[in-house]
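**Q** Sequence:
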Amino acid sequence: MHILIALLGILGAGAFWWYRLKYMGDAAGEVVDKIGQVRGSMRRSKLRKQASLSPLTAVNDPVVAAATIITAIATDDKPLTEARETALREAIAGLSDTPKADESVIYAKWAAAQIDDTNVVIDKLAPFLRDRLDPGEKEDFLVMTRGIVDAEPNDPPRLTQQNLRRLRQKLGLQID
Numbered sequence: 013m014h015i016l017i018a019l020l021g022i023l024g025a026g027a028f029w030w031y032r033l034k035y036m037g038d039a040a041g042e043v044v045d046k047i048g049q050v051r052g053s054m055r056r057s058k059l060r061k062q063a064s065l066s067p068l069t070a071v072n073d074p075v076v077a078a079a080t081i082i083t084a085i086a087t088d089d090k091p092l093t094e095a096r097e098t099a100l101r102e103a104i105a106g107l108s109d110t111p112k113a114d115e116s117v118i119y120a121k122w123a124a125a126q127i128d129d130t131n132v133v134i135d136k137l138a139p140f141l142r143d144r145l146d147p148g149e150k151e152d153f154l155v156m157t158r159g160i161v162d163a164e165p166n167d168p169p170r171l172t173q174q175n176l177r178r179l180r181q182k183l184g185l186q187i188d
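Read in order, the letters of the sequence shown are residues 13 to 188 in my numbering.
The hints are simulated quantities; they were obtained by calculation from the structure and are not laboratory data.
Remember, predicted model here, so these are calculated numbers, not experimental data.
Check each hint, because a few of them may be wrong.
Listed next, the in silico BS3-like pairs over lysine-lysine satisfying Cα-Cα at most 25 Å (straight line) [stated by the list, open to error]:
| no. | residue 1 | residue 2 |
| --- | --- | --- |
| 1 | Lys90 | Lys136 |
| 2 | Lys112 | Lys150 |
| 3 | Lys112 | Lys136 |
| 4 | Lys136 | Lys182 |
| 5 | Lys182 | Lys90 |
| 6 | Lys46 | Lys58 |
| 7 | Lys121 | Lys61 |
| 8 | Lys61 | Lys136 |
| 9 | Lys58 | Lys136 |
| 10 | Lys34 | Lys46 |
Distance windows between CB atoms, simulated [claimed, not checked]:
| no. | residue 1 | residue 2 | range |
| --- | --- | --- | --- |
| 11 | Gly184 | Ala39 | 50 to 58 Å |
| 12 | Asp109 | Asp146 | 17 to 25 Å |
| 13 | Ile47 | Ile22 | 19 to 27 Å |
Cβ atoms here follow ideal geometry from the backbone N, Cα and C, with glycine treated the same way.
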């Protein structure tokens, strides 16, 4: 009889520990699932951020980069006016042939419309230009940008000075 009670005790203890281990395994599985959900959420957030910047990451031509920066500054809080677009086309045409200039302006308008924050455009594209322009060309680029923004003198974008200052800084030029 005492052997039977011992066997029932061992079976009971085994069932108890089996149940506890199963419960702990389920709890560990839930923790792993939550960690996976958090990692997935972080990955999706990173992808959304990259997707929002994708028009800028695709830029590999200094003319397109310049047109995009100028368009972003000129349309900071306003639509691109006819006068500014004409000034932009003329300025970009002076840098490259006409078909490439037209393509650059079209891409710049699209990319600037995709990204609401002008600072993001400046932060992403100015280092690209900084590495490819000499100091004189950088100054010419700033003058060109200012001229295009001033093509509509009665309707300047709200943060023009701040954006031009940030551009100057990101191009590696001395800030006044």
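**Q** Please go over all the hints and tell whether each is borne out by the structure.
**A** Cross-check of the supplied hints:
{"no.": "1", "hint": "Lys90 to Lys136", "in the structure": "21 Å, holds"}
{"no.": "2", "hint": "Lys112 to Lys150", "in the structure": "21 Å, holds"}
{"no.": "3", "hint": "Lys112 to Lys136", "in the structure": "22 Å, holds"}
{"no.": "4", "hint": "Lys136 to Lys182", "in the structure": "9 Å, holds"}
{"no.": "5", "hint": "Lys182 to Lys90", "in the structure": "23 Å, holds"}
{"no.": "6", "hint": "Lys46 to Lys58", "in the structure": "18 Å, holds"}
{"no.": "7", "hint": "Lys121 to Lys61", "in the structure": "20 Å, holds"}
{"no.": "8", "hint": "Lys61 to Lys136", "in the structure": "13 Å, holds"}
{"no.": "9", "hint": "Lys58 to Lys136", "in the structure": "16 Å, holds"}
{"no.": "10", "hint": "Lys34 to Lys46", "in the structure": "18 Å, holds"}
{"no.": "11", "hint": "Gly184 to Ala39: 50 to 58 Å", "in the structure": "55 Å, holds"}
{"no.": "12", "hint": "Asp109 to Asp146: 17 to 25 Å", "in the structure": "22 Å, holds"}
{"no.": "13", "hint": "Ile47 to Ile22: 19 to 27 Å", "in the structure": "37 Å, violated"}
Hint violations for this structure: number 13 only, all remaining hints satisfied.
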